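In the order they appear, the protein sequences are chains W and F. Quick note: the first sequence uses this note's numbering, first residue 2, plus one each step. Quick note: the second sequence uses this note's numbering, first residue 3, plus one each step.
Source of the hints: derived by calculation from the structure; they are not laboratory data. These numbers were taken from a predicted model, which means no experiment stands behind them. Please note that the accuracy of each hint is not assured.
Distance ranges between label pairs, derived from CB positions [stated by the list, open to error]: (1) W:Lys80 to F:Asn69: 30 to 38 Å; (2) F:Thr24 to W:Ala40: 21 to 29 Å; (3) W:Leu12 to F:Asn69: 38 to 46 Å; (4) F:Arg63 to W:Pro15: 27 to 35 Å; (5) W:Ala10 to F:Gly56: 25 to 33 Å; (6) F:Asn22 to W:Gln63: 35 to 43 Å; (7) W:Ser85 to F:Thr42: 21 to 29 Å.
Derived BS3-like pairs: lysine-lysine, alpha-carbon spacing no greater than 30 Å straight-line [claimed, not checked]: (8) F:Lys71 to F:Lys60; (9) F:Lys59 to F:Lys80; (10) F:Lys44 to F:Lys71; (11) F:Lys44 to W:Lys81; (12) F:Lys114 to F:Lys71; (13) W:Lys80 to F:Lys44.
Every residue gets a Cβ at the ideal spot worked out from N, C-alpha and C, and that includes glycine.
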Amino acid sequence: SQTIHQWPATLVQPVGSPLSLECTVEGTSNPNLYWYRQAAGRGLQLLFYSVGIGQISSEVPQNLSASRPQDRQFILSSKKLLLSDSGFYLCAWGVGTGPTDTQYFGPGTRLTVL
Amino acid sequence: ILNVEQSPQSLHVQEGDSTNFTCSFPSSNFYALHWYRWETAKSPEALFVMTLNGDEKKKGRISATLNTKEGYSYLYIKGSQPEDSATYLCARGGWGSNYQLIWGAGTKLIIKP
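Required output: the full structure, derived from the provided sequences and hints.
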């Protein structure tokens with residue numbers, strides 16, 4: 002069966018510090034991978050998605066970046082965090098690319114930027 | 003900008019009572035509507051995906067309906083149990099929007115024993 006891992010679970014970082022969140026998927030090959038952010042009281046916002054190694058599409062301009070160095074590894078990074086980067090970050094994977102396809106989520110990372 | 007709205011934002015229901023809540027979405031270029039359940043300290047989990055006007059899906063005590071013409075979906079829970087406590091998210095997929103689901107902020111359901 003497929004599993005998705007995210008770490009760390011919680012993170013408190015000062016403004017201006019770098020960020021690296023990691024997501025790995027097991028039990029499937031060539032998944033589509035997604036990074037979402039949920040700010041307080043808001044819906045999930047798609048940040049990045051990837052359909053293959055080295056292929057990253059950005060949905061929202063920001064100071065975050067994503068990389069996919071291996072088939073089942075997806076990394077969210079920032080060189081300098083802003084206060085507005087605080088939120089709950091979810092990684093997800095899926096098989097299909099269409100609007101009916103289910104996405105499967107990891108446990109998330111709660112990021113607090115002080 | 004496409005907005006998906008969910009109401010109410012939170013809901014307290016007595017154990018054993020039935021309840022329902024709403025997801026509203028733009029009906030233009032609509033393709034699919036997803037419902038997910040997100041329990042505290044767990045990952046969001048898919049419940050249903052619906053595409054056709056008048057669709058109704060059921061899983062145990064939970065069911066959902068879809069009206070694509072007026073742009074809304076209802077989620078019903080019959081005989082609420084404590085394990086139903088969770089945030090229920092809906093997400094809309096549109097034509098030509100591969101990868102991109104537009105998510106509501108969720109309805110937080112708390113079942114009181």
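Verification of the supplied hints:
no.	hint	verdict
1	W:Lys80 to F:Asn69: 30 to 38 Å	violated (46 Å)
2	F:Thr24 to W:Ala40: 21 to 29 Å	holds (22 Å)
3	W:Leu12 to F:Asn69: 38 to 46 Å	holds (41 Å)
4	F:Arg63 to W:Pro15: 27 to 35 Å	violated (46 Å)
5	W:Ala10 to F:Gly56: 25 to 33 Å	violated (42 Å)
6	F:Asn22 to W:Gln63: 35 to 43 Å	holds (36 Å)
7	W:Ser85 to F:Thr42: 21 to 29 Å	holds (25 Å)
8	F:Lys71 to F:Lys60	holds (21 Å)
9	F:Lys59 to F:Lys80	holds (14 Å)
10	F:Lys44 to F:Lys71	violated (34 Å)
11	F:Lys44 to W:Lys81	holds (29 Å)
12	F:Lys114 to F:Lys71	violated (35 Å)
13	W:Lys80 to F:Lys44	holds (29 Å)
Of the numbered hints given earlier, the model fails hints 1, 4, 5, 10, 12; all others are met.
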